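Fit chain B to the given chain A structure using the hints.
Taken in order, these protein sequences are the chains called A and B. Heads up: the first sequence begins at 1 in the working numbering, then just goes up one per residue. Heads up: the second sequence begins at 1001 in the working numbering, then just goes up one per residue.
The set of hints was computed from the structure by calculation and includes no laboratory data. Don't take every hint at face value.
Computed spacing ranges between beta-carbons, pair by pair [as the list claims (entries may be wrong)]:
(1) Thr-1058/B with Gly-69/A: 34 to 42 Å
(2) Asp-1072/B with Glu-215/A: 43 to 51 Å
(3) Asp-1239/B with Pro-99/A: 17 to 25 Å
(4) Asp-1144/B with Gly-115/A: 35 to 43 Å
(5) Thr-144/A with Asp-1139/B: 21 to 29 Å
(6) Glu-1078/B with Cys-73/A: 41 to 49 Å
(7) Pro-33/A with Gln-1197/B: 26 to 34 Å
(8) Asp-177/A with Val-1104/B: 57 to 65 Å
(9) Cys-73/A with Asp-1144/B: 55 to 63 Å
(10) Arg-214/A with Glu-1038/B: 44 to 52 Å
(11) Asp-1139/B with Leu-141/A: 22 to 30 Å
(12) Cys-73/A with Gly-1123/B: 56 to 64 Å
(13) Asn-15/A with Pro-1029/B: 47 to 55 Å
(14) Ala-1244/B with Gly-26/A: 22 to 30 Å
Predicted model only: the values in this text are computed from it and were never measured. Virtual Cβ for every residue (Gly too), placed ideally from N, Cα, C.
Take a look at the letters that make up each chain.
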Amino acid sequence: MIEISGVGKRFVLHNQGGVVLPVMEGATLSVWPGECVALVGASGAGKSTLMRMIWGNYRCDQGSIRVAGVELCGAEPRDVIALRRDRLGYVSQFLRVIPRVPTLRVVAEPLLAQGMAEPEALERARALLARLNIPRRLWSLSPTTFSGGEQQRVNIARGFILDWPVMLLDEPTASLDAANRAVVLDLIAEAKARGAAILGIFHDADARAAVCDREVDVTGFTPARDLSA
Amino acid sequence: MIPLLQVEGLSKFYGHHLGCADVNFTLWPGEVMGIVGESGSGKSTLLNCLAGHMAPDTGRVMFDTRDLGPRDTLAMSEPERRWLARTDWAFVHQNPRDGLRMNVSAGGNVGDRLMAVGARHYGDIRAQASDWLGRVEIDAGRIDERPRAFSGGMQQRLQIARNLVTGPRLVFMDEPTGGLDVSVQARLLDLLRGLVQRLGLSAVIVTHDLAVVRLLADRLMVMKDGHVVEEGLTDQVLDDPQHAYTQLLVSSVLQV
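Okay, chain B solo, but in the shape it has when bound:
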């Protein structure tokens, strides 16, 4: 088996300030990896470098492309990378407004991504959009409404539908449940886990919520001040943390 994503020596500096330093990991098909750490630890910088939103200063990001096998996405041309972002990759933003077109209907938001990869038949696009709204538990009767009319949780589910409709193999998520009510969060977690399992997706999820990674991620990476301080199996890192910072993080979680 070939790894889906192989990251070697990835570093990013903001001037003299460190974003993230010397990150290495291998993600296998079907694996879900969580990245945790406090704000400013470099986890979002890392995610943005992986997804091609930001150019790292050093390192390689090898992705196993469908047609040509493993390729360094940082060395790709901009159109190639954009094509990857529309097909095999998906990016779920913390704020759905960053990932949705707010002036376009719900159906349009989902259909938009299909059209970007060449779908042209209106009936088919609408049928697929309606199918995906159903999968993320949005009433198909609201297909023509704009996301503005939706609640925060619904907007987040719409963003997920928009991202997954083209059948990506790798999904990047930046705090996908941040800013949502706990009841809405639970529903989204259940939905995400079901989709990841059924579609056999690989995912990299950035969050500061340890309960979220416990339920969603197979593996975990802990970041502090731009460095990866610990990584391993999710329940091993959470139940038997080795690094001082991870111990502090785990023991700081409030019990309900």
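This is chain A alone, in the form it adopts within the complex:
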């Protein structure tokens, strides 16, 4: 479901003297349906960069990234938009929402975007928020004022509300207590069981051991840097 081959990326900082930073070279990996693969490697090795290239907010300079049949390198915006609406889910580390929109709606939004009727979408959102132990009295409030752990769970609820065939998870269990961590691991296991292809970054080694089938070390994709430059 995710097929990456020969992917390379560099940043050109025009306003800092045109410095060119090669950050990735020859990245190759694939994730099959029903499988959870963890990206590992030291901080700065390029795990998040690779995730962002698959999500499409980082441009891919070289190679090929195919997600659920769509080639992302050089894709038109509307193809990426359609992919994100229908097939690709993403749990990021940070929640970015319009101020004032109630939590329940934030979570239900991916369903509404696919055209589900509002009562049914909100009902599903309620069930998932309850499962993630977000207190009912918070559902009608905007998540902007929530604690870090609560925001993270809202983010997870939004990511798991739909049965995406492909999912990207960026530190889904960070800043969660043991009980909520267990709920999230269950959600991931259920997604795998229904055939989702999952690629994630997990700093939490126990979580990684619990749900991941394989690890891919991105250090091998880090270009040799001339440190003296």
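Structure of chain B alone, referenced to chain A:
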């Protein structure tokens, strides 16, 4: 699927001075495109050319009309274009006073546009006006007050109601949240996003506020000195800007 709007080689000069040069893009149904750039970059000129307020010097603006399919709006007769502006198109001005009739009641402002497309039944017009005031969160009890009595944020919401009441398919917005308090801005953004999603509208939004485009626009076009220097998916342009000017723009945003 047919694109809703297809723009080819659009340029506008003010004498020797360049307004915007060789702009090309395709807008699909349901897409929201943002245009950002500093003042003087040509973004408002472009918007006004697209909406038929200004005649460009070169180029074509193909719009997929309801009855006749794609047509070049620049080659249309003035009455045809005016009809389009009253039905399938809407234009939200930065200053609500430019888009509202200040001496007419709130209900009248909304009903006015309905009457322009042939509505005549007073009861129906008033009922629709009152429904739209509710949708933009204006108390229906204030339907007979003039916009002068409204706050800036309310005037802007009234302008949106007036524009959307005839069910347009394409909305042009020029700095729709400019000049409003941040709290009022947030409310308007939420409202706009809800309306765009629920009604399946396409929109072209000109703004200098990157936070606004991040929340509202699917796609983004960056303009500098009359030229489009970068375009693409909104989060790609903002998170991984390629052009020197876009990099400068993105890195200049103040964090709160």
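Hints and how they fare:
{"no.": "1", "hint": "Thr-1058/B with Gly-69/A: 34 to 42 Å", "verdict": "39 Å, holds"}
{"no.": "2", "hint": "Asp-1072/B with Glu-215/A: 43 to 51 Å", "verdict": "57 Å, violated"}
{"no.": "3", "hint": "Asp-1239/B with Pro-99/A: 17 to 25 Å", "verdict": "21 Å, holds"}
{"no.": "4", "hint": "Asp-1144/B with Gly-115/A: 35 to 43 Å", "verdict": "38 Å, holds"}
{"no.": "5", "hint": "Thr-144/A with Asp-1139/B: 21 to 29 Å", "verdict": "26 Å, holds"}
{"no.": "6", "hint": "Glu-1078/B with Cys-73/A: 41 to 49 Å", "verdict": "46 Å, holds"}
{"no.": "7", "hint": "Pro-33/A with Gln-1197/B: 26 to 34 Å", "verdict": "30 Å, holds"}
{"no.": "8", "hint": "Asp-177/A with Val-1104/B: 57 to 65 Å", "verdict": "58 Å, holds"}
{"no.": "9", "hint": "Cys-73/A with Asp-1144/B: 55 to 63 Å", "verdict": "58 Å, holds"}
{"no.": "10", "hint": "Arg-214/A with Glu-1038/B: 44 to 52 Å", "verdict": "48 Å, holds"}
{"no.": "11", "hint": "Asp-1139/B with Leu-141/A: 22 to 30 Å", "verdict": "23 Å, holds"}
{"no.": "12", "hint": "Cys-73/A with Gly-1123/B: 56 to 64 Å", "verdict": "58 Å, holds"}
{"no.": "13", "hint": "Asn-15/A with Pro-1029/B: 47 to 55 Å", "verdict": "37 Å, violated"}
{"no.": "14", "hint": "Ala-1244/B with Gly-26/A: 22 to 30 Å", "verdict": "28 Å, holds"}
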